[in-house]
Amino acid sequence: MDDNGVRNTLDVLLAGDPDVMDRDQLAGFVSQLGRVRGWCAAAEVRVSRRTRQLTAEGHSEPAAALLADNGRCSSKDAHNASERETICGVMPSFEDALATGAVSAGHVDALAAATRNLDDQLLAEFIACEADLLADAGSQRVEVFERGCRDLARHIAAQAQANSDVDELDQQRKNSTVRKWTDKLTGMHKTLLSLDPVRDTELWTAVNAKLASLRQADNNATSFDQLQVEAFLATVTPNTTATTTTGDAVSRVPQVGVLIDYQTICDGLHANSICELDNGIPIPVSTARRLCCDANVFPVVLAGNGEVLDVGQSVRTATPAQRKALRAMHRTCAHPGCRTVVDDCRMHHIEFFRNGGKTAVNNMLPLCEKHHHLVHEGGWQLTMSAGRVATWRRPDGTIWHTKPTIDRRPSRSNQATRPTQSTEPAEPTESLQTTLC
Numbered sequence: 073m074d075d076n077g078v079r080n081t082l083d084v085l086l087a088g089d090p091d092v093m094d095r096d097q098l099a100g101f102v103s104q105l106g107r108v109r110g111w112c113a114a115a116e117v118r119v120s121r122r123t124r125q126l127t128a129e130g131h132s133e134p135a136a137a138l139l140a141d142n143g144r145c146s147s148k149d150a151h152n153a154s155e156r157e158t159i160c161g162v163m164p165s166f167e168d169a170l171a172t173g174a175v176s177a178g179h180v181d182a183l184a185a186a187t188r189n190l191d192d193q194l195l196a197e198f199i200a201c202e203a204d205l206l207a208d209a210g211s212q213r214v215e216v217f218e219r220g221c222r223d224l225a226r227h228i229a230a231q232a233q234a235n236s237d238v239d240e241l242d243q244q245r246k247n248s249t250v251r252k253w254t255d256k257l258t259g260m261h262k263t264l265l266s267l268d269p270v271r272d273t274e275l276w277t278a279v280n281a282k283l284a285s286l287r288q289a290d291n292n293a294t295s296f297d298q299l300q301v302e303a304f305l306a307t308v309t310p311n312t313t314a315t316t317t318t319g320d321a322v323s324r325v326p327q328v329g330v331l332i333d334y335q336t337i338c339d340g341l342h343a344n345s346i347c348e349l350d351n352g353i354p355i356p357v358s359t360a361r362r363l364c365c366d367a368n369v370f371p372v373v374l375a376g377n378g379e380v381l382d383v384g385q386s387v388r389t390a391t392p393a394q395r396k397a398l399r400a401m402h403r404t405c406a407h408p409g410c411r412t413v414v415d416d417c418r419m420h421h422i423e424f425f426r427n428g429g430k431t432a433v434n435n436m437l438p439l440c441e442k443h444h445h446l447v448h449e450g451g452w453q454l455t456m457s458a459g460r461v462a463t464w465r466r467p468d469g470t471i472w473h474t475k476p477t478i479d480r481r482p483s484r485s486n487q488a489t490r491p492t493q494s495t496e497p498a499e500p501t502e503s504l505q506t507t508l509c
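Just so you know, the sequence shown maps onto residues 73 to 509 in my numbering.
These are computed hints drawn from the structure, not numbers from a lab. Note that the coordinates shown come from a computational prediction; the quantities given were computed from them, not determined experimentally. Treat each hint with caution, since some may be false.
[To be verified] 20 angstroms max Cα-Cα, derived EDC-like pairs, lysine to aspartate or glutamate:
(1) 246 / 441
(2) 475 / 423
(3) 262 / 240
(4) 246 / 272
(5) 252 / 272
(6) 262 / 302
(7) 148 / 202
(8) 148 / 129
(9) 246 / 274
(10) 442 / 240
(11) 252 / 240
(12) 442 / 423
(13) 396 / 479
(14) 442 / 268
(15) 442 / 415
(16) 246 / 268
Go ahead and model the full structure; you've got the sequences and the hints to work with.
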């Protein structure tokens with residue numbers, strides 16, 4: 073937008089009176105505001121560029137500091153404005169579109185966020201999509217465009233490194249922390265819990281389910297904040313039951329919804345993949361596959377525009393009867409040396425369900441969370457032959473362990489026996505540390 077365009081737009085805004093406008097007039101007024109905001113954001117890009125030059129010469133503070141101190145904005149907003157200069161430097165068409173109001177600062181921020189962790193090679197591939205991205209930005213809301221940028225960056229990274237998304241989730245799991253302290257001023261005890269997206273969703277799904285139950289029983293007699301505290305405490309305490317309005321105790325199992333398309337779950341990420349939690353947070357394909365081992369799977373048929381045409385019935389991958397059969401053969405997780413009891417294990421499909429593996433006892437083995445994660449995200453391979461002989465292969469394909477998994481074989485004294493610890497190979501600790509949380 074040139075100087076005359078800015079002046080004309082400002083004249084329209086100064087002459088307008090939102091207090092007396094109807095809906096369509098307000099929409100036009102807001103559109104004009106967006107054009108001016110875009111022009112201002114483009115001007116900030118130019119300010120950041122010039123400030124960076126002056127900073128290199130020793131004549132100015134960094135751009136983010138200058139914008140925060142003189143622009144009456146927060147440090148976060150100033151940092152975002154500074155980052156826009158970087159992305160506009162490599163994708164100049166967005167700077168031009170920003171100046172005319174064709175795109176917003178939020179669209180440019182979405183580009184910056186999506187490319188922040190890409191190396192030079194991956195960034196070049198992302199930039200090659202500039203024309204298509206600009207067309208999308210001109211017609212999409214910021215939230216939709218942000219999701220598209222994120223998915224494109226994930227797809228590019230996945231093509232370069234098959235386990236890139238897994239590595240990101242693993243790192244988030246490793247970085248998860250719990251901190252506890254006491255506020256000396258108020259005496260309140262505080263807990264800060266930082267979680268990866270999957271476990272955070274599991275936790276808050278359980279909390280929200282408990283909250284709904286409490287609100288129904290409480291009839292709004294207690295404040296929402298206090299009910300949320302009670303729901304959180306009820307979720308993390310050992311008591312796993314909730315009371316219905318009729319006084320009956322029922323078990324509550326945290327539920328996490330995952331949306332993934334058929335091609336992605338079968339073949340991996342592609343250009344139009346969908347693999348995310350139901351709240352829109354992306355997760356690795358291998359994590360979605362692992363969750364499918366112990367989940368209800370609902371097939372949903374979509375039209376080309378994303379409209380739901382049909383929803384099939386859920387398929388439970390391990391029935392109670394099948395769990396009883398597996399429990400009759402296995403006391404523990406099928407990984408050698410693991411003593412996690414069967415009731416705490418997931419029933420893993422040896423031939424993955426996504427590959428046509430049947431939900432049958434002869435295709436399932438109990439695996440604890442740790443070793444279930446090892447097979448799906450860790451790159452290890454697990455096969456089973458006649459007699460329930462399991463073979464574990466390292467990520468490089470070499471055989472690490474082969475042995476029957478049934479540990480309830482009758483002895484002469486009619487007592488079940490276990491493999492002794494001395495017969496089991498040492499587990500490669502270093503490899504596990506790189507793949508497990």
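Worksheet item: In ascending order, which of the hints set out earlier in this document are inconsistent with the structure?
Response: 3, 7, 8, 11
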